[in-house]
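Protein chains: 4
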Amino acid sequence: MVPLEQQFASDNYSGICPEAMAAIEESNHGHAPAYGNDPWTQHAADAFRELFEKDCEVFFVFNGTAANSLALASLCQSYQGIICCDSAHVETDECGAPEFFSNGSKLLVARSEDGKLSSAAIRELATKRMDIHYPKPKVVTMTQSTETGRVYTPAEVRALSETCKEHGLSLHMDGARFANAVAALGCTPAEMTWKAGVDVLCFGGTKNGMAVGESVVFFDRKMAVDFDYRCKQAGQLASKMRFLAAPWVGMLGSGAWLKNARHANDCATYFAGQVAGIAGVKLVGPVEANAVFLAASDAILDRLRAKGWLFYTFIGGAARFMFAWDTELARVDKLVRDLKDCV
Amino acid sequence: MVPLEQQFASDNYSGICPEAMAAIEESNHGHAPAYGNDPWTQHAADAFRELFEKDCEVFFVFNGTAANSLALASLCQSYQGIICCDSAHVETDECGAPEFFSNGSKLLVARSEDGKLSSAAIRELATKRMDIHYPKPKVVTMTQSTETGRVYTPAEVRALSETCKEHGLSLHMDGARFANAVAALGCTPAEMTWKAGVDVLCFGGTKNGMAVGESVVFFDRKMAVDFDYRCKQAGQLASKMRFLAAPWVGMLGSGAWLKNARHANDCATYFAGQVAGIAGVKLVGPVEANAVFLAASDAILDRLRAKGWLFYTFIGGAARFMFAWDTELARVDKLVRDLKDCV
Amino acid sequence: MVPLEQQFASDNYSGICPEAMAAIEESNHGHAPAYGNDPWTQHAADAFRELFEKDCEVFFVFNGTAANSLALASLCQSYQGIICCDSAHVETDECGAPEFFSNGSKLLVARSEDGKLSSAAIRELATKRMDIHYPKPKVVTMTQSTETGRVYTPAEVRALSETCKEHGLSLHMDGARFANAVAALGCTPAEMTWKAGVDVLCFGGTKNGMAVGESVVFFDRKMAVDFDYRCKQAGQLASKMRFLAAPWVGMLGSGAWLKNARHANDCATYFAGQVAGIAGVKLVGPVEANAVFLAASDAILDRLRAKGWLFYTFIGGAARFMFAWDTELARVDKLVRDLKDCV
Amino acid sequence: MVPLEQQFASDNYSGICPEAMAAIEESNHGHAPAYGNDPWTQHAADAFRELFEKDCEVFFVFNGTAANSLALASLCQSYQGIICCDSAHVETDECGAPEFFSNGSKLLVARSEDGKLSSAAIRELATKRMDIHYPKPKVVTMTQSTETGRVYTPAEVRALSETCKEHGLSLHMDGARFANAVAALGCTPAEMTWKAGVDVLCFGGTKNGMAVGESVVFFDRKMAVDFDYRCKQAGQLASKMRFLAAPWVGMLGSGAWLKNARHANDCATYFAGQVAGIAGVKLVGPVEANAVFLAASDAILDRLRAKGWLFYTFIGGAARFMFAWDTELARVDKLVRDLKDCV
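Chains as they are written, first to last, in numbering that gives the first Met the number 0: chain A, 0 to 342; chain B, 0 to 342; chain C, 0 to 342; chain D, 0 to 342.
Rather than coming from a laboratory, the hints here were simulated on the basis of the structure. Each statement offered as a hint is correct.
Put simply, identical chains are the same to the list, so a pair is met inside one copy or across any two.
Straight-line distance between alpha carbons at most 35 Å, and here's what the computed DSBU-like set of lysine-lysine pairs gives:
#	residue 1	residue 2
1	LYS135	LYS221
2	LYS115	LYS339
3	LYS135	LYS306
4	LYS135	LYS164
5	LYS306	LYS127
6	LYS221	LYS258
7	LYS127	LYS339
8	LYS53	LYS258
9	LYS127	LYS333
10	LYS281	LYS127
11	LYS221	LYS53
For reference, chain A alone in the conformation it holds in the complex:
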């Protein structure tokens, strides 16, 4: 089959990066015990503990829907609430998965202009209702980097986690693009998570260059008790676990996780720079990770689509362009040229 030329509709359009593929191939020798009792799984978990400078507990699941939903379900009961941003993926694009896995926990949605949660918003939702007819807020989920292409600094994360502690809330980080945030900020994974008060992180592997797979990292081992059973019951325990774990060994061991993210971020910055001067096209919000949002007339966007480009438009009509570990600058240049032609 003829593969698709590069598109920037989603970083999920990219394939498997060489380091992840090599690890799959390398792990494909001989036999290995099933369900995670293999050396690759042990090795991958240790790699996370090293990366995060913490004796954390790590679980490997198939995708982000499950990673986030299972993590949230483990942090609250069905009659409790999950505070999130109105642009949070768990609210807008999971088809009710958090509610399904948790058996009914309600998402308590904070409005936000920029796609970032604020302490004020958390506080308002945490204190708005204290009666039995309303789900008791129990956990906050933040996305890093956000669905709007923004990043929280470690200081911002710490401010949120302090608000959480004041109100008895756990803090969960949806890190579908965690690597992009680390790359953008130049801090350590530890500084951005447990040192800033994050309880549980879902670290995304798929968008980062893997075929499939996300990891759920509990920084407090007590919170992880029986999470393996939870994964099993929910259809998220791989029998040939080595093929879910080995790519992490390849990614973390080689540093590809960070290199890939940096490249994606750099491409976003490059693209933003190239379109900056185009009349009729306006950058929406700063570019901090691997997403660029552009405001343009419907006519312009229609012409761009007519040239074969795929992209999503969001609230307010902004067109989103996502860059991945494999983005080719030549293809970005082509997009820029076509965009200029469309104006």
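Chains B, C and D: place on chain A using the hints.
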């Protein structure tokens, strides 16, 4: 890492077969739309339609727990019951997954000596209780080949499906080892499924030689309505779907699915033949697919374990040996020799 | 115990009306088969069929949380969405019950100024997202009379139901205060429900003067298939069903359901008239059923509370006063006098 | 309507006893805050604390299905297991309610000849499987008095609770007929529950003489945290709670709970004595509470049914006769005479 020498505790200990691996590599070029809107997914679904000689609807999910649980949940309501064998994997080894995905459907368990369901057992469970205090039976699940290493002939499947129809029950086939059953019987996939009255099949890819992935095949498209939403909400929609679909293209297109299963079955038969004359070791049940159950004294089994062999023992103490697509006869011979030494 | 003097915080503060109490006493003779196989249950269901001029299917459950949640769960799957108003009780005051009973159906919330749904709002939510990552809208729930004390005319209901049909949506009516709406509009129960396109009605008995109990009325019997099993599994099948059913016989047979509602509505209108001229106190929205919302300064409301009055304040600070079947005008006059004193 | 003459098919056929009815009437004066913030609810909870000589936490729910299912759901996670007897009501007659409320917890069923759990059976199920593919046992539920009409002595309860503690299991008591067990044994409620190691008791009011209502008693207040939210979300929070609570005040304050149970037990004993000598009719098991099981030929039972008697037959064909708070000896005598006629 030094890979494990071949073991026969589970066919999940095996790796990825060449045809599946080649398909992953081949599909890893350029970009592809996410969530199944890629040509590999289309191609894989078409390959199933060709294989089954039927315009069926096909979904690709991550593992067997999810495949079976989602299929069963789509066939009954939470207050309805699922008839199964007492040795069925959904009853014994899924940690409550069918109950979780269905939000409470109860498994109605038929006792069986050989691990096969009978029309009489279905009828008894279907008619035992007709009152509102008992979950109304709505679906029957059978495993082909069974957890006990047996196969149902197409005629047997048809007999069960006719009993199902009499009682308004759907028929689901857990085909974690479907290929082994087809290889054993020499019939066509169609003859063993929809032509014999099966409504939904979960066709196992993992044990058959893939890294990850099972397919859910609805022979009646009406039954499949919105199953894609069900998968999405339950965390079973892969974003980079091509890597879940392409291996199926490789497996079905090359015939590896059948070749792999034949090899596994042949190894089981070979092993059974080799141990047939050993005093103190008794074959439990006929060998019809890729499993061999042996009865032996605890002392013998302990000595075998002491020699480094891994295996599970089941009810009555029988030791199970499973053979896979990659089983090496030399290693089987080694097991036979060691077993003889232990007697 | 000294009973509380009448308060207007909620119509749930009222007791059991004489007609309902007499029916409990009357039904408390001799034995009766359990779980609804008694003549009272048959009689009550028939009374509904007569009242609604329709061969509807009727179920008696314990409370409104369950009635609405079970009805909605029967109308959609876990991966589908329920369109409702932002002030709908199912959204604001059920602690995630609809999500719990449906195993994760998401409420898709329409903003509304007056607490009423509009065809435009339904259409917008029904068509906003058509992708698999968003719960497919499947049912609309409207409250009659609304949580804001408003009523939909039969013509308005019909307009909504037509929009529903255009988009393949079922229409559910939360009738916790259904009787108040019928009393307000002077139409027949049939005109307000199935003749206007309502599929399922939850008819509230508790606020209407019963001790406990709501009925779920399916106007299309096909939609009611197995709803009895659903009730049973969800803990909503009363063993001594006659005591849940008999009060309905008393209420419907005597006309108390309508008399009670009229009285409550009249008291609301009376109260609204009495406070109309008070400076510093402003009626919020028209009074159409048994609720009155007043805007007043915090100082005024605090003084009113200090005089022993109980009431809730809602968004914007409006104080809500609810009138019940047993409201005594003398007590309303006392409230009016105290309110005047507070200004 | 002409009431049914007394039948002994179920103790649910009985009506409301005078003490419960008087309490409903007494509580039906004036207004009362909703959702349990009324003096009757406080009073009823205090009455339980007095009865059990313990500062326990008490919740009032609508029926036994919900009481037991909610209690069990609060004691385990969805991926954990509930050990029960094969004749336990939660296993045989709740249409999957425990699985529904818990979101998938599996019932691990112990076979029993007499309907009583044993320490050996608990131990076997608690240790049978320790792998992730099987729900981790977390709670044991025992029925007191049992579905087979037997009672556990406090010493037997203590033996079970000690086994539970050894294996990290909570102990739940389904007390749908708790009063009958207390009456039979002549011990105190405390001796039979928390003093013997029971963690949570569901105390049945309906069969004991109330119209509706069961109480959930947590002897360890920490285990009860947020159980009110759980009830609310599951549709088990009554708005006019006083009518669910007041009957308990009447029952416990007057001693009717015990008097009613004694009467029912006495009638069972009387009936057993009367039928003892009848040829062709055999008592199945000892009569310890309010149930009598009789073995007789189908011909005899058919003739008894033809005379208008209602009763259920169970495994092995035994006919069950249940006696209630209101059983009239004359009617028992009639049954005995008719039975003699049928032989």
